[in-house]
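S.K.: Here is what each chain is made of, one letter per residue.
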Amino acid sequence: MTYLRHVLDHLRKDLRLEWRSRDSINGMLFFALLVVVVFGLAFDPTSYPTITRQISGAILWVALLFASITALNQSWTREQSNNVLEAQRMAPSPASALFLGKALANLLFVLTVEAVLAPIFIVFFNLHALGNVWLLTLILPLGTWALVVNGTFFAALGLRARNRELLLPLLLLPVSLPALLAMVQATTGVLTAELDPIQIGTWIKQLAGYDIIFTTICILLFETVLNAE
Amino acid sequence: MEQRTPTLRSVAWLWFGITIAVLVVGFRQAIFLVPTEATMGNVQRIFYYHLPHAVLGLIFPYVNFIASLAYLFWRRRDPLKALTADALAVAAAEVTVLFVGIGLLSGMLWAKPAWGIWWAWDARLTTYLLLWLLYVSYLLLRRYSPSGQTGTFGAVLSVFAAIDVPIVYMSIQWWRTQHPAPVFGPNGGGIDPSFVPAVLWNMAGWAMWGVLILLFRFALERRRQLAEQEAALVAIEASLEIPQ
Chain A
1 MTYLRHVLDH
11 LRKDLRLEWR
21 SRDSINGMLF
31 FALLVVVVFG
41 LAFDPTSYPT
51 ITRQISGAIL
61 WVALLFASIT
71 ALNQSWTREQ
81 SNNVLEAQRM
91 APSPASALFL
101 GKALANLLFV
111 LTVEAVLAPI
121 FIVFFNLHAL
131 GNVWLLTLIL
141 PLGTWALVVN
151 GTFFAALGLR
161 ARNRELLLPL
171 LLLPVSLPAL
181 LAMVQATTGV
191 LTAELDPIQI
201 GTWIKQLAGY
211 DIIFTTICIL
221 LFETVLNAE
Chain B
230 MEQRTPTLRS
240 VAWLWFGITI
250 AVLVVGFRQA
260 IFLVPTEATM
270 GNVQRIFYYH
280 LPHAVLGLIF
290 PYVNFIASLA
300 YLFWRRRDPL
310 KALTADALAV
320 AAAEVTVLFV
330 GIGLLSGMLW
340 AKPAWGIWWA
350 WDARLTTYLL
360 LWLLYVSYLL
370 LRRYSPSGQT
380 GTFGAVLSVF
390 AAIDVPIVYM
400 SIQWWRTQHP
410 APVFGPNGGG
420 IDPSFVPAVL
430 WNMAGWAMWG
440 VLILLFRFAL
450 ERRRQLAEQE
460 AALVAIEASL
470 EIPQ
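Quick mapping for you: the protein sequence lines, in order, are chains A and B. In terms of my numbering, the first sequence opens at residue 1 and continues consecutively. In terms of my numbering, the second sequence opens at residue 230 and continues consecutively.
No lab work stands behind these hints: they were computed from the structure. Bear in mind that the values here come from a model prediction, so they are computed numbers and not experimental data. For glycine and all other residues, C-beta sits at the position ideal for the given N, C-alpha and C. One should not assume that every hint holds.
One-sided and incomplete, this derived list gives chain A residues near chain B with beta-carbon spacing under 10 Å [to be verified]: (1) 87; (2) 150; (3) 154; (4) 160; (5) 167; (6) 177; (7) 178; (8) 213; (9) 218.
Based on the sequences and whatever the hints tell you, model everything.
M.R.: Structural data, given as structure tokens:
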């Protein structure tokens, strides 16, 4: 229970810090909106509803991926001012509690962006989902967690690196490929109703499996990364 | 170390000589001696270069993974052994990028005349490309990380890579069997016995070459680490000199 309390403390701290400046969320929201507009201009979605349904899932996840990369780098810079990171290293609470708290905070930020982005998508793309839309309430959080958990970990790796902003996408994209495949296929399957529920279910299970495996690895290895010198 | 160096050097030259000889025999086998394949003609001969590189490109990542685990294990217990493990890890990663890269390029060169397309997003090829991307990102991480932490960060990413590659393979394999694509790809089993000598000689030759450049790069990295330690020692001793 103490572990959970530590995680919640870190989560509250990050949420409070973000609420005071609202940098990350505003940046993410505007970036995602711009990506939607750019893709809208590139593909002319309203004239080709079938094709739009087929590619909307991919566009949504690509927009979220790039938007969250911009915010993930920032989530650790909060810890660098005032030598806070040294204090975290010296604290008796396990380092993985810091990691989990931060990852959960990032999850909430990206989910907020998704909640705002979804109606914008529907409006700009004239999107009419053919399958069971409630499945998306399962797919979106699982997919977002896959991106956020690895992203928070790799952002921590890049803290004192040169070219820090460049390093995160270079590391995150290859490692996230199986999760990206699963989330895009599942979302497109729901939107186009071309996949039957069993296939969508299998993609969701793969996504959940990926989440469990990589959350475990990140929790186990975070201590090593935090105390790297 | 001073007495061992001449012996090591002679062994290295001998290994180099034998490797070149094996590669020359392999070349002769692959290009001139082995019969021409029925359907694809002489284009198929690139297979004898593609296969060894592709197979070896799957072995060197494991060397990197084991060396990374050894580094993480010894990091706090025996730092000198950890340094050696780190040198082996980076050498194996570079050789992996090389072999996997050549495997990809030779595969693409073969695919265009044989299948009519440069690339296909099936399980095997996508996993192979991902392997290359992961190890390039490994080398970039090492280059961009702050100097005390290259080994640790590299080792951590190596663990991620080792776990990610099988997952990618299984997920795309499942995906592609759901949407059956035209069945193509080199048939792994069922090689006609007359092709076997070319395959074996080239496999042996390129394996020996891979080991040669791996150990050469390892020795280079060790030399760089030892020079760095010397420089650090000199700096510490200089700082200890009491100013008169």
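S.K.: It remains to establish, for every hint, whether it holds in the given structure.
M.R.: Structure-based check of each hint:
no.	hint	in the structure
1	87	19 Å, violated
2	150	8 Å, holds
3	154	8 Å, holds
4	160	5 Å, holds
5	167	5 Å, holds
6	177	6 Å, holds
7	178	4 Å, holds
8	213	7 Å, holds
9	218	9 Å, holds
Violated hint: 1 only; the structure is consistent with all others.
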